[in-house]
Amino acid sequence: DTQWNVSLWGKRRAFTEHVEKLAELVSAKTNGEFTLNISYGGLSKNKENLDGISFGAFEMAQFCAGYHPDKNPSITVLELPFMGVSTLEQEIAVSKAVYNHPAVVKDLARWNAKLLMPSPLPQYNIAGVGDAPQSLADFKGLRIRATGGIGEALTIAGAVPTSMSATEVRQALDSGVINAASFAPHAHMSFGTVESADWWTTNLNPGTVNCPVVVNVDSLADLKPAHRDALLGSVDEALNHYVDYYNNQTMAAWGPKLDEKGIERVTLTEAELKTFKDKAAGPVHQAWIDSMNKKKLPAQELYDLVLDTLK
Amino acid sequence: MIEFMMNAEPLQIGVIVSVVMLVFVLLGVRVAFATAGAGFIGLVWIFSAKMGFERGFMVAVKMAGTVPHSKATTLSLSLIPTFILIGYLAYHAGLTKALFEAAKRWVGWLPGGLGVATVFSTAGFAAVSGASVATSAVFARIAIPEMLKLGYDKRFAAGVVAAGGTLASLIPPSAILVIYAIIVEQDVGTLLMAGFIPGIVSALIYAGLVVFLAVWKKDLGPPVKGFTWKQRLEVLPGSFPIFFVVFIIMICIYGGVGTPTEAGALGALVILAMALYKGMRWPSLKGALMESAKLTVMIFTIIWGVLIYVRFLGFADLPNAFSDWIAGIDQNPFITLLFILMAYAVLGMFMDAIGMLLLTLPVVFPAVIALNGGEMVTAADSAFGVSAAGCAIWFGIIVVKMAELCLITPPIGLNCFVVAGVRKDISVQDVFRGATPFFVADVITIAVLIMFPSIVLWLPSLI
Amino acid sequence: MSGSATVLEDSSTLSKADRWLFKLESLFTLFGGITILFLVALAVMNILGRWLFNIPVSGYVDWVEQAMAIFAFVGIAYCQRLGGHIRMDILLSVMKGRLLWIAEWVSVLFMLLITSVLIYGSYLHFYRAFSNGDSSMDIGLPIWPAKLIVPVALTFLAIRLVFQLWAYSVAIIRASESPVAVPLIEDAATQAAREAESLDGGAS
Ligand code: NA
Ligand code: NA
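Chains A, B and C, in that order, are what the protein sequence lines are.
If you use this note's numbering, the first sequence corresponds to residues 11 to 321, in order.
If you use this note's numbering, the second sequence corresponds to residues 917 to 1379, in order.
If you use this note's numbering, the third sequence corresponds to residues 9 to 212, in order.
Source of the hints: derived by calculation from the structure; they are not laboratory data.
Distance condition first, Cα-Cα at most 25 Å in a straight line; then the derived DMTMM-like pairs of lysine to aspartate or glutamate:
1. 57(A) with 1233(B)
2. 267(A) with 1297(B)
3. 966(B) with 43(A)
4. 966(B) with 30(A)
5. 966(B) with 34(A)
6. 287(A) with 141(A)
7. 31(A) with 1240(B)
8. 234(A) with 925(B)
9. 21(A) with 1297(B)
10. 55(A) with 70(C)
11. 267(A) with 1291(B)
12. 55(A) with 1101(B)
13. 57(A) with 70(C)
14. 150(A) with 288(A)
15. 267(A) with 205(A)
16. 234(A) with 970(B)
17. 966(B) with 239(A)
18. 57(A) with 1101(B)
19. 55(A) with 1233(B)
20. 21(A) with 1291(B)
21. 305(A) with 70(C)
22. 31(A) with 1291(B)
23. 55(A) with 1291(B)
24. 116(A) with 318(A)
25. 1202(B) with 17(C)
26. 55(A) with 1240(B)
27. 966(B) with 232(A)
28. 31(A) with 1233(B)
29. 966(B) with 228(A)
30. 21(A) with 1240(B)
31. 21(A) with 1233(B)
32. 21(A) with 1101(B)
33. 304(A) with 70(C)
34. 966(B) with 11(A)
A few chain A residues that don't get close to chain C, going by computed Cβ distances all over 10 Å:
35. 142
36. 199
37. 212
38. 232
39. 295
40. 317
The beta-carbon is built from N, C-alpha and C at its ideal position, and this holds for glycine as well.
Kindly generate the complete structure, drawing on both the sequences and the hints.
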């Protein structure tokens, strides 16, 4: 019998449903000969999941690219703001395209890791307190908890990115330390921003976070062919389950939650969004390309790959 | 033997290594290294059973090697050195003496008046001090001489100071509540807030006990009467700084200026300014910094040491197994909770509070959550009448109160040692005897907190 | 539980070396203390910056996490020199003379073994960050310097432990009543008095 340890963190939630489903499918397809033993936080801190994979402490793990950009520079292309991703299906398509690019495979191979599947998250729209911004100009001076590329883009809009841990966000919002926070809907709900927010942007779509599930290269190679097929052959079904769960459970709860809390939906005009993107996307994208070129990565190629996949 | 080792189930390994760890601790190995060592041995065993000794050993080395940096740089732990520093600086700023004087003039007229004043001034100092032992040490010098001068029973005088010091860990800021929050992954701000009312309740029960004792035993000590309102008012400015700092911290956290981390820092800066104003100079500032740094490194070492052991437990899956077992016991959950608390009382007789919580919570906390009905349970469906999130906070306050109780119980009661250490004329036995009534008061407080969880949960629910 | 203890001195090479090392350890610890003060200043700057100019410290969290690596580790050998790492000494406190020094020697050897393992493991943790790359979440600070602090501080601890092995060996051979260069177990009262004294800021 083969048993794999899987290092996740937090609790079982929408964000981990594909791994749970994968475990279920693999066990069923191999008559219980190959099992995935999922641990929430017991095996590693999330920022060290790649380290654990690299020396084989566990065989599968999830992490987010933005936690440690220099550990995985190549996939940070998926966290660039305003790339134009609007559905989870698109998010999966671009992630898969990027994950299969030779430069990316090589980048992750430094950690003895192979990218198995993404954990697609919707756009990190912004929820905040106080007067709802009516136009882009109203973002000027807002203190927003946002990280990475999203933070950079918001800086260009005149906002002030403020750093704190996710668990501090709720209290910071209540006490006025920040005016708004950028999260995916499930996180707005689990970190409680939705409890005090007055408004939420529906279509700012500033970008998202990319959180792949990886496997240890050697462990994958050591699997019996039947087991390997069971694992790799279950990825698409697990992702379908994930998307279904996110859209039909999480997003189905989101709209009513906004109504229940009386949260105003802020929808910016197309013209205004275009102005913002022209102003913010260009410089941030160019800065990314320049810095990745310095790391000897085919930056332009990866960047174009994302845009081409979306066409 | 080798064959057994190679075929052992992770759960078996978990239990055996845990016993080995306890033996190390009993033999007097420094707790941080006893736990780190046992954890490492456990990791080697688990990985060797899976992939052979040579590879398994290296994986264990690498796994253990990631823990110290990874765990020590957890953001919410950054509160701990700040809280420790505040305590040292407050003493140098002369805040404690002024506080006691004010309490004496305002509540000294009650039966056992100086005892009541001691309880309330330790509670006041608790609002800037993060550590119980330091609070008792300070008040042993300030309050005991005055009580003895007025003819208070010396055991009682020592006991009330030893017990009063324990309030510092409930009333925020509190280093131990931060540590609890880290281990069980709860919001630090919420836990700090949750400790406030139980701390006040605890102080009131102490004060009530003092009054009762004074009425019951006439020779305990006289009230101090005859202060005019003028005298009462004129002493207030001296104790004002402490309220100012508390006010700043409160405003900072709840009035929209900063996070708990920042509030602690602001409080520390204000007290530093006061201490400098009161004449603190580089040699004593350096001393305060060295002491804070030493205590900080001690706490952090034990945290990462224990977490290496906890990492091993994660691979052995022991916490889940234990909580399944606890949740499966067919008896009233309150009885099970009572047994858990009694186990803490026994363990606490021999152990330091921080070490005890770090060692036990990784296994006990999931068990208590399971006992209450699981991670999703609502207050209505739960065993203890608290939701899953509420249970994490409620149990935290109870278990910290338990840990505080252990500071005044023999044979190892740090607060009593400290008081006896400051006062050469009072023996450790005297202090333990004097603290005995407060032990009873603490048991009552814990019973009240268990029966009325809203005492703990009401304040955090407002946010 | 022991907090701080007495360490005796004399004119032997061992004691001289011990005091020299202690000076170095004290310096590191002071650096840790100053880092705590720096952390306080940084948090206050963050508040003031935010409210006065709407400019919080950029990457505040990242800087705090870097600073934590300093004060969490640099004082570790100093703390061991003074017997500051807590333990249960119920069993040890009833031992006397040679038996006690043998027990201490074994306990220190065990510490040295686990410390050596951790030096290697934390060095590899540093080396992965150094060679493969690792950076902080908000402003992309490199993490390897902070990770390097761990094996370095643990190496100083290992040196301190070797000193203590040496000192206990001397004590075992001579069946000494009061060996130099090691923290001595005190009765509870002396220990508590020391703890109270430390509030006076009298250290060094
Ligand atoms: Na306190
Ligand atoms: Na005790």
